Amino acid sequence: MSSFNPNKKQLPAQHWQEIAHDSVEETGSQYLIIGGIVGGLFAASITAFPPTGLLVAGWGFYEAWRKTAAANRNEQAISEYGCVAHVLKGNSLRQFANQVGTDEALQQITWAQENDYILTADAEDFLEAHKPIELPPIASDVSSNSNLVEQASAIFKPQPQELPLDSSHSPALTEVSLTTQTLPSFDRSRIINESKGLMIIGDSGTAKTCIAMYVANGFNGYGIIVFDPHGKTDWGNAYVITKMPAIYKQMRILLDVLDDGDESPFLVICDEWMEIRFDRLNKSGDYKGLADDFIRLFSTKPRKFNKLAVFVLHSPNVEAAGIDSSLRENYQKIYLGRLAKKEFSDIKDCAYPCVVEDEQVEHPTHGHHDIFRKNGNAPRSLQPLNSAAIDIPLAYIDRGEIKTHKQGWVDGSFAYQTNVRERLEFLLSDTSIDTGTDTGISEKDPKNSDTGTDTGIDTNDTEPDTSDTASSETLDNTGSSSDTRRDTPDTITPAQIPRSQALQLIKQMKGAGLSQTLIIQSLWGCEKNKVGWKQAYLQFKELAGGDDE
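For the sequence shown, the numbering used here gives the first residue as -11, with consecutive numbering after it.
In short, the hints are calculated from the structure, not lab data.
The model shown is predicted, which means the values in this text are computed figures rather than measured ones.
Note that the Cβ used here is the ideal one computed from N, Cα and C, for glycine as well.
Among the clues, some could well be false.
Calculated lysine to aspartate or glutamate pairs in the EDC-like style (CA-CA distance at most 20 angstroms, straight line) [what the hints assert, rightly or not]: (1) LYS184 <-> ASP244; (2) LYS391 <-> ASP274; (3) LYS362 <-> ASP10; (4) LYS77 <-> GLU6; (5) LYS292 <-> ASP247.
Here are the simulated distance ranges between beta carbons [said to hold, decoys possible]: (6) ARG178 <-> GLY388: 37 to 45 angstroms; (7) ALA532 <-> GLU347: 56 to 64 angstroms; (8) HIS218 <-> ALA366: 16 to 24 angstroms; (9) GLN371 <-> HIS218: 17 to 25 angstroms; (10) THR170 <-> ASP113: 24 to 32 angstroms; (11) ALA109 <-> GLU263: 35 to 43 angstroms; (12) SER314 <-> SER272: 22 to 30 angstroms.
Make a model of the complete structure from these sequences and hints.
In structure tokens form, the structure reads like this:
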């Protein structure tokens, strides 16, 4: 008993697309260019007439351009329509026809020819060999022998194989079922617990953005900031920046926050990172080299401050992303699609390959699909983002101008705080100091505000980054107002009150039992180990002394 079976090898649709892509890439255009240059020099030397050499070289360049243009159109036919037969050669074409059937291969080649795609010589031969032969009309005097004519015609007609065709595409590559072992599931907790940073690497249509959202949904309690220069994705409840100047402004803010030791947890998703890094803003001006600093610094120390960055890339070349080889291992990498196959050639065939570091796993949002499509395959297990409150300054564009909102973001909109000056005026006028930990996020006492709403924040708050004040006026010892410069030694920021009143407040609050930390939080409006704390502590220590807690 023999085990010989020439049809035993069955390849999935995506594998045939990869073979077709590789075939298209072999255009030989580079040899035409080199040959044209060499031939032009040779012709010019033989004829002693330089224009002859230019004509020969020009012909080589033209042929190279023509072949490249045809190859690009064939790439479109493969990616968008699933048509591969017209670019296959030799054994590949024969194996493809044996697998999907002669009719399917013939249909694809015919469609490509009718739409002016370039066919390989083997595809043209296949088309000629399998086209039905049309018999000449039968004369009326032999109509009695019609049965014989029908039998003769049938001899020349190819016998179709019954294979299911996808009528929704023009023409579609028939998917052959492939039985493989179940792949390990995507371990999101491993990424959350182990990653210093994350790179999601894949070609177009491999659901990179979906994986970024899936991973982000596991960071409970984190504020989420998204850089999305295309602005076409619905990220859900997250702070999304789409304009490039605001993206670069926010990168600078994030680096300042990181340098200041802020420990508030947040996640930064950098979609289309290569587009962001290669923008002109990174090449010159105030932001020159900022993107390179951002990806480098977010690979070294953010996790100790409860921060993580996710970079979405189209290329596995991390040097092109702006990080040198010595730091690339700080990032955990997820490879998708054809790039996963190129990096790890021995992985199992499937519609949506996914490799985390060196382990193939099931694609978390598209692993249930049997056929790869750039668009149209719905994700699974994917929920909109649900960001926690963000309490760092945020960049935005208002009528073409870059602005910064300093009081954070919560539940889909900017957050606003009661002005620091109003809080201190309330403390000075109230003989019973509140010993709670309220830092002024919401003041409801009627002595503090006649409306109970925001009374001291300018919604058009812009750079430079200065402390929030409602007025340039300050209170003197008698309660009257007088003009005082912000940086004079007689006043204390951020409320711009005289030193004597600041000392009086500190003394009252200490007497009421408030700790040093609570006093700083109440008077300076900032929290320990967050933005502004260092400066506030130094000012407090200069005023009243005291040990650090």
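These are the hints, each one checked on the structure:
1. LYS184 <-> ASP244: holds, 19 angstroms
2. LYS391 <-> ASP274: holds, 16 angstroms
3. LYS362 <-> ASP10: With a Cα-Cα distance of about 19 angstroms, the restraint between LYS362 and ASP10 holds, given a limit of 20 angstroms.
4. LYS77 <-> GLU6: holds, 14 angstroms
5. LYS292 <-> ASP247: holds, 12 angstroms
6. ARG178 <-> GLY388: 37 to 45 angstroms: holds, 44 angstroms
7. ALA532 <-> GLU347: 56 to 64 angstroms: The hint (56 to 64 angstroms, Cβ to Cβ) holds, given that ALA532 and GLU347 are roughly 57 angstroms apart.
8. HIS218 <-> ALA366: 16 to 24 angstroms: For HIS218 and ALA366 the Cβ distance comes to about 20 angstroms; the hint holds.
9. GLN371 <-> HIS218: 17 to 25 angstroms: Holds, at about 21 angstroms.
10. THR170 <-> ASP113: 24 to 32 angstroms: violated, 42 angstroms
11. ALA109 <-> GLU263: 35 to 43 angstroms: Holds: the Cβ-Cβ distance is about 40 angstroms, inside 35 to 43 angstroms.
12. SER314 <-> SER272: 22 to 30 angstroms: Once the Cβ atoms are compared, 26 angstroms apart, the range 22 to 30 angstroms for SER272 and SER314 holds.
In this structure, the one hint that does not hold is number 10.
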